[in-house]
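Each protein sequence line maps, in turn, to chains Z and U. Numbering follows the numbering used here, in which position 69 of the first sequence is assigned residue number 69; successive positions increment by one, without gaps. Numbering follows the numbering used here, in which position 408 of the second sequence is assigned residue number 408; successive positions increment by one, without gaps.
The calculated SDA-like cross-link candidates involving lysine to any residue, where the alpha carbons are at most 25 Å apart (straight line), are:
hint, chain 1, residue 1, chain 2, residue 2
1, Z, Lys354, Z, Phe111
2, U, Lys459, Z, Asn113
3, Z, Lys460, U, Arg930
Derived from the structure by calculation, the hints contain no laboratory data.
Here is what each chain is made of, one letter per residue.
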Amino acid sequence: MEIDRNHGTSSERSLVARRWFLQQCGVGLGAAALAAEFTADGFAGERGNSESLSQEHVRPLHFEPKAKRVIYLFMAGAPSHLELFDYKPKLAELDGQLPPPGLLEGYRAAFINPNSRLLGPKFKFARYGQSGAELSELLPKTAEIVDEMAIVRSMVTDAFNHAPAQLLMNTGAQQFGRPSFGAWSLYGLGNGARDLPGFVVFSTGSKGPSGGNSCWGSGFLPTVHQGVTFRVGAEPVLYLANPPGIDGAMQRDSLETIQGLNQHRLSAIGDPEIATRIRAYEMAGQMQNSAPDLIDLAREPQHILDLYGAEPGKSTFANAALLARRLVERGVRFVQIYHEAWDQHGNLVNDLKKNCKNTDQACAALITDLKQRGLLQDTLVIWGGEFGRTPMVQGGNDGRDHHPSAFTVWMAGGGIKPGLTLGSTDELGFHAVEDRVHVHDLHATLLQLLGFDHARLTFKFQGRMFRLTDVHGQVVKKLLA
Amino acid sequence: MRGFHLLLCRVFLAVAAVAVGPGRTIGAVDFERDVHPILRARCFECHDGRRQQSGLRLDVRSRATRGGESGKAAIVAGQVDDSELIRRIATSDADLVMPPEGERLTAEQIRILMDWVREGASWPDSLANERSIGDHWAFKAPQRPIPPGAASSLIEGTPVDAFILERLNREGLKLSPPADKATLARRLHLDLIGLPPAPEQIDAFVTDPSPQAYERLVTQLLESPHYGERWGRLWLDAARYADSDGFEKDKPRFVHFYRDWVIQALNRDLPYDQFVIEQIAGDLLPAPTQDQLVATGFLRNSMINEEGGIDPEQFRMEAMFDRMDAIGKSILGLTIQCGQCHSHKFDPLTQQEYYEMFAFLNNAHEANITVYAAEEAKRRAEIQLQVEQIENELRSRDPDWLNRMAVWEADQQRRRARWALVRPELDSSGGQKHYLLDDGSVLAAGYAPTKHSTEFSVKTDLQRVTAIRLELLNDANLTRGGPGRSVHGLFALTEFKVQAGVNDDPKALSDVKIGRAAASANAAEGELDKRFDDRSNRRRLIGPITFAIDGKDETAWSPDIGWGRSNVPQEAVFVLEQPQELGGKGRLTFRLTQNHGGWNSDDNQNNNLGRFRFWISDDENADADVLPPNIREIVDLPREQRSAEQQAALFSIWRTTVPEWKADNERVEALWKSHPPGTTQLAYRERSEMRPTHLLKRGDFLKPVSLVTPGVPAFLHRLPEDAPRTRLTFARWLVDPYSPTTARAIVNRVWQSYFGMGIVSTSEDFGTQAEPPSHPELLDWLACEFMEPTMQLPSASNTPWSLKRLHQLIVLSATYRQSSRVTPALLAADPENRLLTRAPRVRVDAEIVRDIALAASGLLSREIGGPSVYPPIPAFLMQPPASYGPKAWPEQTGSARYRRATYTFRFRSVPYPALQAFDAPNGDFACVKRSRTNTPIQALTMLNEPVFVECAQALGLRTLSEAGPDDKDRLGFAFRQVLGRLPDEQEMTLLSAMIMRQRDRLQRSDADCWSIIASRPEDYRRLPNSCTPAEWATWTVLARVLLNLDETITKE
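Using the sequences plus the hints, can you model the full thing?
Below, the structure written as structure tokens:
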């Protein structure tokens, strides 16, 4: 939907030429022609309006894509794998004892003295579904859809402070300045929505993510690929509402006059960029019309609201999850919900209860709802944080410190093998030992599901080709359906 | 659909073939222009002199024709089918296709390579065989070319035009006709000062018949104080300037002195070489001025991570890498940050060389210095002078003062207690990190909790302990030098507690009662600064040292005795009620409770100790000589060894003990009370002790490999042989006239801001992977003329490295003065305008978008410099969950609401949305080329964002107050304010019609006119006589339309 003027090179040249072609060769600047041209990032003209996957992409696909869109439920702050997904009876047994010697060699902890007592899991686990996946009692609703999920219990990362780890998880690098996974997705696939941004971000936790806006930034990619933050509330997009006193008729008249004057200027000056501006205003008007409806959850039937536990008007995770579905239905490529609430250095038991109460039902509902609409098969849903938590206690007996050597994420839909539990950690949940999946491997796998070879979805900047996985990453074939 | 897709592609290919770019005509492939860029971009990563995968090199002719290990010749001149290179790029076999990573070569690229091979695969002799890649054009210092002769045929031709025309002539093209004068006036204003001209300014220029009118306008604008604001902003991008720390805390920081330094340096046209030297090593210049210290803020614009649980050294190294990156991009025009992990893949920069440059920078304190505005500095000097006068007066009043002071000194020494330094075991349980320094002191760093207690434990072989001394020390890494960590470099000690035990058993400690305490400085009892409000509604106090032993959480000891003299070493002595017998195997624990911070640990609200040391005594009279530690040191120096300053400092303490000088002492106190607060600025200060620099394995600060010493890369120019290996030498090296890239990089960026694209389009990278320059000789001529002026310009001095002069060289050219009209023929011949067949037509930068609306509406405040300001922002953005922590955003109400956008407070993690929408970078890293997008979010911002709306209201009101009475006059007035020209007939018709329609609607009784025109209560009072709310609302709606036009935010 947006045009970057200065960035492209050869594609940019052909874009300018193409705009000129449209204008001069009688195709004109009618809404229809432009809609086709501007649906994505300006390169979409060759693709028509088809919904079919093969024509939706912007960069050449390297594989048959399994997923067309992504919903990433980012559990910022780092949820405890030991209380949610990774049951460790041995840890329960050794509760209160010091970790075995040797385990901590070369280990750095953020806050605690690593040689702290072990803390047994605080909640009961059971097996669910046909797959028999083991889950905590805190996740009763997730347990109902467990056969749709692939749980990866063997995630590892390189960082153990929040901001760098969140950046690594979102951009493939601990340093600021790299494009986010969402931005790469948009760069590769373009936007599928006519009147909405292609990458939408919500924040519903008790605070914003540690990595800030850079978690959904575009880095050196054109800024059109960065995430646009939406709010669950009256004005979902900043500055969407008309100023006070300006009613619909006045706004229409104003926009028409702006467009008329811009059109007049275009004919005098001939700069195709004016045509782009005209289209941008047209789309802004469309967004003003469509976004309030989109965001209005009261339009959902009661049983859907109940399914998610959504309550129109509230700024909750459940509402954002339901909105995510409404957004991807309208062609939005990538939705990310940050729920920053999981940093349980203390108050582990009560906070986990609260966090799961706030998220478990809606996560499960999202999967159920996508499935019943036939969307799950090509929508990739990801749940996870930036690292795990120590088997060792922090404070008295109700907290855990940051831990990069093992954590859990789960995924569903979009070509993910359902009913799978991949990998395992050692008997204390300290190290991932079997089928270790590094953040770069996860990224490589996710890109493959979107149709891209992670080593070949690149962008040249500062004299070298950059990619989401830097120089790393192995596709985890076991995760693919 | 597929068919449609392919058809369309073919059509576009046909269009593209005509428009493929500068000078490419079908059938004549040029190696340097067409072939080399493809090989360089897509093949050399694996097949150049450095890597030679499969034994293949494609960077030189001799090796490419020979082929690699396969034995197949990669290129056989004239034989497309026999050339392995062609086979591998064209194959459909995914296992064989080259390059193996990234996208396939495009059909056009493949065709170019095939044509080239077919035509005989000609290579320039310079690439005939294995030669050093260091021959890359940008690695050789620019040599001044002679401008081609074409210029002479031009009436207003300058050397710049000569180069441009020479290329145009070659392509059979010419410049567009000059733009009209009104357009030129607006263009010049937007380019040189970033503000649109007032209609009167345009009139003055348009009606000035003098041939010098244009030059005069250029000179006038370059002399404008707004020039520094406009061009300073571009440097601030490169300097990654922001007003906050970044990372999760993203606390506000105090760096606007650096921002203002940049603006003022440009306004006074500080030569660029000096401009760079001061930013890299201003602190190492002889007797550096405050300005020169402030300039080193460039190096401190890196982010700071103070999230809990971090290792501060890890993030100091991240900041070091960031500094290297910023120097590479903004000064050298080179990509060097790959060197932190490995040698550069394409350019001849080794990892070793990267760390050698790094070593120049690695020996500094992360300082936060006190700085004073000009009037504050004046007041401060006055106070110092007056205090000095009073002290001189005292000395002359009592000629025996020296002897009396000596008696006092001797008394101090006689009362000196025995003290033993104890080195504590460290505690970081509160999340704050503590370093134990060589002198036994503890330095606090990293996360700064606002309320916490820490325990420091020591062992001692003393038989008994009678007292503990807590010594507070300065440290260059603390704000204002400390001794505290608060935003003022101070602290408040809520409570000091001691536990003691024998036999070194940590478990067997018991509380020890403190009987009395004394300190070398005590704040007057008073309320805690509001900055540290903890929202508890308690009355919290600071005051004398007794507050640290009163057992109350509301009271704390503070050494704050006012601005100008509190950031000095102090001490407090705690005398135990009963001596503790420890039997030579004692253990003591000191508990420092620091609960006088504020409620928000994500803001600058800590009030913690910064650097401190513990001493213990077994002396009965341990508190008999409480003195500031630096004064005690002076007392111990024999008088003849003291400096004049030391002697004066001693006198200042001693005189306060002289009873008959009470009145004079009070006069001095009163003077100090009037001392200005100043503010702070992050700065770089050299350490006295050398910090070793290591090459780090993959850039990991925990994996040092080998020691390195300061040095520069071999492929660049040399360091002067006899120069000391200091940061100052490095700074001078950066701007050495022999530097191949420094002048080219800045000249290119200035060019880029005028023409939308640099002569080298990859302005951040002049290395071997850079796009070749569109006008290489022009680039070199500009670089040389910049460093060594030869041309006589109308009003510029002939100072080397003068940026103002560089601007003149460019804007006086006919190339700059062309019309920006785009015709189909021009678009076809020069689609990207690389040849400059017309003036660029580009949307202005984010800040200027805002400034144009402010200026046109008359709201703009033209105040220059000062702390950053807070125009309206949606409040939720600064609160969780939009922000990690709650951020203060005290929305401005007066004229500060309408300051230029450059002064808007920049939080890195929550960028100001109206600027972010227009591609303003957020300062996370150096940016030398902004993206330029055109989006619906921009449209929504200009239509609905409150400041834009207020601009529409103000312009509506201005139109009614200042323009003639009829619609035509008013339309013309408003239109000119915004666009600098009068509307043409059709524009007038469109706008008049809208005015009529809206007036009809708004005059109806149910129309909500007041909502449209009055954003704020005070607006209700602003309606001029004889003007109805409906009329103001009508013109507000009209103004909003004008402010939203494409032309409004475009440099034509």
